[in-house]
Amino acid sequence: MLETDARLSDEQIAARLGVEPADVAATRAKLEAEGRIVGYQAILNDDKEGVSALIEVRCTPERGGGFNRLAKRIARFDEVRSCFLISGGFDLLILVEANSLLEVARFVSEKLSSMEGVLSTATHFRLKTYKQNGLLFDEEETDERISVAP
Amino acid sequence: MNWDRMLSKQVVDLPRSGIREFFDLVTGSKDIISLGVGEPDFVTPWNIREAAIFSLEKGHTTYTSNYGLLSLRRAIASYVEGFFHVAYDPACEILPTVGVSEAIDLALRCLLSPGDEVLYHEPCYVSYAPSVKLAYGVATPVETSIDDLFALNPAKLEAAITPKTKVLMLNFPTNPTGSIAPRETLEKIAQICVKHDLFVLTDEIYSELRYDGEPHTSIASLPGMKERTLLLHGFSKAFAMTGFRLGYACGPRELIDQMVKIHSYTMICPTITAQEAAIEALQNGTNAMHEMRDSYHMRRDYIVKRFNEMGMDCHLPGGAFYTFPSVKRFGISSKDFALRLLKEAKVAAVPGTAFGACGEGYLRCCYATAFSLLEEACDKMARFCDSLKG
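Residue numbers (this note's numbering), protein chains in the order written: chain A, 1 to 150; chain B, 151 to 540.
Only chain A is shown next, with the shape it has when bound in the complex:
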């Protein structure tokens, strides 16, 4: 339920499920403590503002730690919205958001590429968002059903 609407209160969820609000609060606290629920954010359609890019990063794994140390270093930058270790032809896939193309370019050239262990990067700028976090963008979700039907 929270995945589709994070604004729902414990009371609303409890009413929908037919359970006590205290039970919902306890479950929510448990999921937060376990790190299953990491945060609550609005999903913005910001295609017309700012710039974002998906960047493929090839890097050298370290003995004992693999990609973790480098991945965590990269993930700490404010510009990095998401960072995944992935299989395939490169190692890390990161989503970078900034105010302008220049800011992204600076981030890549001055911060990312220059890090020790980063072998190469390939930057793909986002042109348009069609779907994010399970939500379709630019969809007209009007209810076209007739108001009373047999």
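No wet-lab data here; the hints were simulated from the structure. Fair warning: this is a prediction, and the values are worked out from it, not measured in the lab. Any given hint could turn out to be false.
To be verified - No farther apart than 30 Å at their CA atoms in a straight line, the calculated lysine-lysine pairs in the DSSO-like style are these: (1) B:Lys376 x A:Lys30; (2) B:Lys376 x B:Lys316; (3) B:Lys208 x A:Lys131.
On the provided structure of chain A, position chain B as indicated by the hints.
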């Protein structure tokens, strides 16, 4: 033009659906939350829509056989055997139709001679009695009540049988009450049908939408019933495909043969687009269907609890997506309640009397509506009920 002479008396004498008057009122109102819609609030799952688009892309825009696509009938046979536990021969015992409504019309026209009687349980879907009358039959309701949770009482059924009774129409889970018929009740009804040589039309369009944890039982699956039953089902409710207009009838070859005769003259076939989309629904639509069912289940539990809290006695319906709360304690008729609810609370629900006289004292409220709207509607209805009590 002398329309009195020109128009068919049979049709002119047919009453308009009780729902029609209400539809006109709601359509003319603004900012209404409607609990009066009798269809899913989900859009057809994407893979099914995509199959329809692919069908068009391939240029499949022709008629099909009057029997429909054999591939569809095979898929239906497989699905029906798995879900209803009755085996039908896709070559001659299954007929895809334009919704269950067409199948009902065809079957009644094939079965009835003028004056033959048809029994059906009320409150019920609005088309049953008119369809019987249009087939020159006599429609006789058997009332159901909250005492039986709106399931058909076998004793009442048997008491209504006359020498002219030929057909029994069943609809479980039921529109508008959401009631289900327990297997034991169906077994008693089956025995009565065999004893009195009745043929059964069973509209099981809501059969996948059950929330009581019990497997659905079709009367067609009971001993001795397959030969005297036409099982009617379709894609509208479980797969959220109302606009595709596709249903099907499964039954004895002798009846299907006659139905195809009328179907070939009047409808030819359902659209090939819908038929090909339906194959995708049957083969790959189950997960989406279960997700929709679970969503209805949660909403049913919520709305029934709210209705009882606000003083509308409401039983827990076992299936479909309707509740049938009682408004008797407020001392006004179903129609007045619904009209005032619409005017004062801006919530539309259908008076129970639209589904038969014995629906007096009840409302049909459909919970196939977004949860946030259900919450808002319940809040408004609670305030309205308080105002009536005060």
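Hint by hint, here is what the structure shows:
{"no.": "1", "hint": "B:Lys376 x A:Lys30", "verdict": "violated (53 Å)"}
{"no.": "2", "hint": "B:Lys376 x B:Lys316", "verdict": "holds (16 Å)"}
{"no.": "3", "hint": "B:Lys208 x A:Lys131", "verdict": "holds (27 Å)"}
Consistency note: the structure conflicts with earlier hint 1 alone.
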